[in-house]
Amino acid sequence: MSQLSLAVDIAGLRLRNPTMNAAGVLGISGPLLKRVYEGGAGAVVTKSLGPVPREGHHNPTLVTVEGGVLNAMGLPNPGADYFVDVIRWLKGEGVPVVASFFGATIEEFRDVACTLSDAGVDALELNCSCPNVVEEMGMLGADCLNTEAVTAAVKEVAKTPVFVKLSPNVTDISEIARGAERGGADAITACNTLIGMAVDVDMRRPILANTTGGLSGPALKPVALRCVWEIAKTVDIPIIGCGGVTNWRDAVEFLLCGASAVEIGTAVMERGVEVFGMVVEGIRSYLEVNGFKEVKDIVGLAHET
Amino acid sequence: MSQLSLAVDIAGLRLRNPTMNAAGVLGISGPLLKRVYEGGAGAVVTKSLGPVPREGHHNPTLVTVEGGVLNAMGLPNPGADYFVDVIRWLKGEGVPVVASFFGATIEEFRDVACTLSDAGVDALELNCSCPNVVEEMGMLGADCLNTEAVTAAVKEVAKTPVFVKLSPNVTDISEIARGAERGGADAITACNTLIGMAVDVDMRRPILANTTGGLSGPALKPVALRCVWEIAKTVDIPIIGCGGVTNWRDAVEFLLCGASAVEIGTAVMERGVEVFGMVVEGIRSYLEVNGFKEVKDIVGLAHET
Amino acid sequence: MSGSRMKPDTLRVRQLVDVTEEAGDMVSLYFRDVQCSQALPGQYVMIWVPGVDEVPMSLSTIGRRKVSSVTVRPVGEATRYICDLKAGNMVGVRGPFGNGYTLECDLPLVVAGGVGAASLTPLAESLVTRGVRPTFVLGARNEEQLVFRERLKNLLDEGLVLATDDGSCGFKGFASDCALKLMDERQFDVVYTCGPELMMALIFRSAEDRGIQVQASLERYIKCAVGLCGSCAIGPYRVCKDGPVLTTDQLKVVRDEFGLQRMDPSGQAIKVDH
Amino acid sequence: MSGSRMKPDTLRVRQLVDVTEEAGDMVSLYFRDVQCSQALPGQYVMIWVPGVDEVPMSLSTIGRRKVSSVTVRPVGEATRYICDLKAGNMVGVRGPFGNGYTLECDLPLVVAGGVGAASLTPLAESLVTRGVRPTFVLGARNEEQLVFRERLKNLLDEGLVLATDDGSCGFKGFASDCALKLMDERQFDVVYTCGPELMMALIFRSAEDRGIQVQASLERYIKCAVGLCGSCAIGPYRVCKDGPVLTTDQLKVVRDEFGLQRMDPSGQAIKVDH
Ligand SMILES: Cc1cc2nc3c(=O)[nH]c(=O)nc-3n(C[C@H](O)[C@H](O)[C@H](O)COP(=O)(O)OP(=O)(O)OC[C@H]3O[C@@H](n4cnc5c(N)ncnc54)[C@H](O)[C@@H]3O)c2cc1C
Ligand SMILES: Cc1cc2nc3c(=O)[nH]c(=O)nc-3n(C[C@H](O)[C@H](O)[C@H](O)COP(=O)(O)OP(=O)(O)OC[C@H]3O[C@@H](n4cnc5c(N)ncnc54)[C@H](O)[C@@H]3O)c2cc1C
Ligand SMILES: Cc1cc2nc3c(=O)[nH]c(=O)nc-3n(C[C@H](O)[C@H](O)[C@H](O)COP(=O)(O)O)c2cc1C
Ligand SMILES: Cc1cc2nc3c(=O)[nH]c(=O)nc-3n(C[C@H](O)[C@H](O)[C@H](O)COP(=O)(O)O)c2cc1C
Ligand code: FES
Ligand code: FES
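Chains as they are written, first to last, in this note's numbering: chain A, 1 to 305; chain B, 1 to 305; chain C, 1 to 274; chain D, 1 to 274.
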């Protein structure tokens, strides 16, 4: 074993390696999140938490498509207050926790952030980009002024770094990233799912109960890489890549495009919670074989050509 | 054989069946387009033609990714004037021709449309959505006012139906579709490719010479279906679905979502030019088995549930 | 349309080739599906009824080269709707999902409570095929509710032990009481069980005391069915993917939840009450 | 990394294990690649040199369980850059693409002009393996330009006929003249040819007069290599996918273009001048 380190620093948050689960994937349960950490993740991300409990949409909430899955869970969650105990338990178990959260108004965002921050999370991930509840809650993230305002409001109350997670369903994602940076974001997570839908020709109707849903998995990867690439050219804060990471190569691609860490979601379906350890080991050998000393050395390297 | 008809009418343009090749796929050569028609397409669509010849981007211009391909051809084309003879030859061979075209300014769009319209095409497809030349030419299609203006300018000179082809890389595609409708568009083609990129971890750099490219194929399908769905809810003009159609099921999905016809591009890679005939035959048996008399009967049916 | 190369998690629509009434208002729905024909006993599918819901159902027949089935007890909106379907109607099918039962055993006891027999009957059939004759306790409230009675009788003959809460047929009392009695009489090495969770929890504790391995098929709220959303969590396990069948070692880990609490669709803990 | 399950159209990066100089400034680059090991003679790959270009190159060695190679003639920016690569350097590889030659024949004549020998040498090897010994005309401007001379001599011995424009070695004159002479002497049933298009067009017409089948490997501007963009069109055929090898029947269809005109990268027709 060489002197190689896999640890990363994201806006002051130091993690043992650059992988996390994507928000909404396994994050509704404390013990499952602990299993994610034991599976090798550098930190865990909770389900997006709102001000009150939500059951989410009716089933079908998920359907597989070529190259990925479509989901319209509809942000089911037990509410931020309820989750405070889960967070405390996870912290007690030694697990670094990023709390994903959302609200319907700027006030709600701030209040939820306050609750979670007080619960002792290591970072907050502001989800202003869930495609499945747009009509209900307004698409705050689609506009850079909104993004700036909501980020600033959250930053006022947050005692931890704030990651702002962006939607790829916009005309110019770098403009929105700039809004988040102006609002004081400590990092950008890019990206959430693409809005899509699936139809069944025998039933002659949309499959998801919510009609449309978010496309994740390998099909999303080229778009997510491009988002990270563009944002890296635009802002100075760190980026967390997300979208279709299935193996170490995918993870390294995101790092080369400018991400400092990656989140992994859909790949858990095929590769289990062991995917985190496998990706981390793959990154380790990549660094080793290519003579790099730490993850930071390859962040953004593809821009330098 | 029943009384079943596969013919469709798109804004007055009557086609023997609802399939066409997607713009840019095989459309740079007259004989190849004739082969597409002989392969079973209802009409053929030319490569997007501009005011002057363009060589396009350097290689690599295409790379396969999971669930599709990324291309950054960069709109190579011999110019509209040059293509007049090709169009006349195709018309002489009895092939219905849709001319895809673009320009850098509204004037250029109008001039090119005029040239092609005079050449005797059956319809024009206004491409205000090519993701690969944005920096060079501005992204006219990203804005509904622009789309309205350019459509109106083209409609002034066009003697044939004008299809306006939209990009999925926008925050609200239905708003842009409305702009096109207001500008006088006779139909909407939805959609062009999603902007993505691919990186190689060994070379540590983007693969496409243009860095970013357009994602097409099955990976795009859920997004394209959703675009058609949303546009169908918004405008009254016909829609031509495009994005990931590989087999008859995909085609029927687009029809059920509200498309009156489909364009097929990437599937030609795996299935050859025979794909058109195969999709058409599949649509025929679907109609037959389910007791429909013509294609029109299933257009938009998934909305009625 | 069908295609055996299709991955099991891909949704497909199947026509019901037969719909039969079972004991106690339950209904079996038969359909042809290559993926289901290759399922393991204990695996389940998601049944989609458009406009209503998509719900998990164990495979009650695994039709190798033939039709497969699910058997549905009408308890709510979706299940009542499904029980009204007729041959010729169509349902969406995703799956088979989950792990299924492990077949290794020498002297197995099977304990089915109510519709729990749905997943345990194909298990019994597989065991018999492997030359192992299980003792099968089929429990229900009363005689009318004894599902698959004929099918199991034909398969197991003396091995089938009936139990009714009201004593209208066979052992009088809960299936779990009947099982405890049998565990004291014979040296079973594995107990397979599916049914009301309180029953299964009782059986688990008794079997644990006696050092007998348990395989229990659990129910939790299933949304994605592919191990992503976490809504089916019990402790560190996902019922949809790591389960639905949990073994003794796993049940020990979730001792604080099994038979006691589960998550509602929003992720809040609620009491297990049956 | 590698993986034989990878589809040939997926880009992968390969290290050059060997780089050797060939006759006439040409260079052969050797690399290990499962997909190329399974190629047919006449198929080509796209070689990516980052920051420079991606260009089509015929496989000059198809290394069954071993290394494969391409052989490059430096004619422009990309090919000159490639010819300067060293062992240890990396290139991107997509493919093998295209149809390759059909091997059915009894008495074949092979006519290679210049670097055209790259695709025809593996063809000759495959023919010999099948028990057919082709007559192989290796043509070049002068003796120094005769590529693969030793390799072909070892393989074919008397079957190898050398031709140089200046007569510095073997037949004095164009390879096509040499081929015409041979066609008059012997009853060949197939002519395989790759080289300058004007040479191939001449051979095609002569073979057509004599009723001999032709398989000619063509060059057109290759961009996508997977049959989508149309930039490589000759008549109704895509050189990248339907070709690069066209047969007599196809060559008849494109009579008005073959040896006469081709498309430049913008799609405008230009004259074929070599
Ligand atoms: C792995 C598994 C296998 C099952 N096998 C069978 C079977 O073979 N036969 C059978 O009749 N039933 C089976 N069930 C139970 C069946 O899924 C529920 O009875 C059904 O979902 C109830 O739906 P409903 O709309 O009719 O009832 P509701 O009125 O919606 O609810 C009634 C009860 O069913 C539960 N339920 C509702 N939706 C779900 C869901 N998506 N996932 C889990 N529980 C849900 C509710 O929590 C509640 O306890 C199984 C459950 C699981 C988890
Ligand atoms: C199927 C096929 C197999 C080939 N096999 C070989 C081989 O084994 N060895 C070899 O040395 N050469 C081969 N070539 C030719 C080789 O691809 C060109 O010489 C090379 O692309 C020139 O690139 P350049 O940048 O050096 O030259 P440039 O200066 O760019 O151009 C020189 C000539 O090469 C042509 N060319 C450039 N790029 C391409 C391209 N993408 N596709 C087709 N032609 C191009 C130009 O039209 C021009 O005629 C093959 C070509 C094809 C189509
Ligand atoms: C089942 C499921 C639930 C999700 N829930 C959330 C969520 O609550 N909040 C959020 O920000 N993103 C959510 N996402 C999006 C993921 O966090 C992630 O952005 C996306 O799936 C892309 O990553 P992947 O391709 O690795 O899955 C969800 C995704 C899936 C598949
Ligand atoms: C090689 C290639 C070239 C293309 N060129 C054009 C073009 O010139 N004009 C255009 O409007 N779209 C172009 N497109 C986009 C297609 O027309 C189509 O919108 C897209 O590929 C989605 O359809 P598909 O998934 O069936 O390929 C091109 C696509 C490909 C793959
Ligand atoms: S139902 Fe989603 S993880 Fe089990
Ligand atoms: S190079 Fe694109 S079709 Fe041949």
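Check each hint, because a few of them may be wrong.
[To be verified] With a straight-line Cα cutoff of 25 Å, these simulated DMTMM-like cross-link-like pairs (lysine to aspartate or glutamate) come out:
id : chain 1 : residue 1 : chain 2 : residue 2
1  : C       : Lys7      : C       : Glu21
2  : D       : Lys241    : B       : Glu66
3  : C       : Lys7      : A       : Glu66
4  : C       : Lys7      : D       : Asp209
5  : D       : Lys241    : B       : Asp143
[What the hints assert, rightly or not] Simulated coverage check for chain D against chain B, where a stretch passes if three residues somewhere in it have a Cβ under 8 Å from a Cβ of chain B:
id : segment
6  : 177 to 189
7  : 266 to 274
Simulated from the structure, these hints should not be mistaken for laboratory data. For every residue, glycine included, the Cβ atom is placed at its ideal position computed from N, Cα and C.
- Which numbered conditions among the earlier hints are violated in the structure presented, ordered from lowest to highest? 1, 4, 5 and 6
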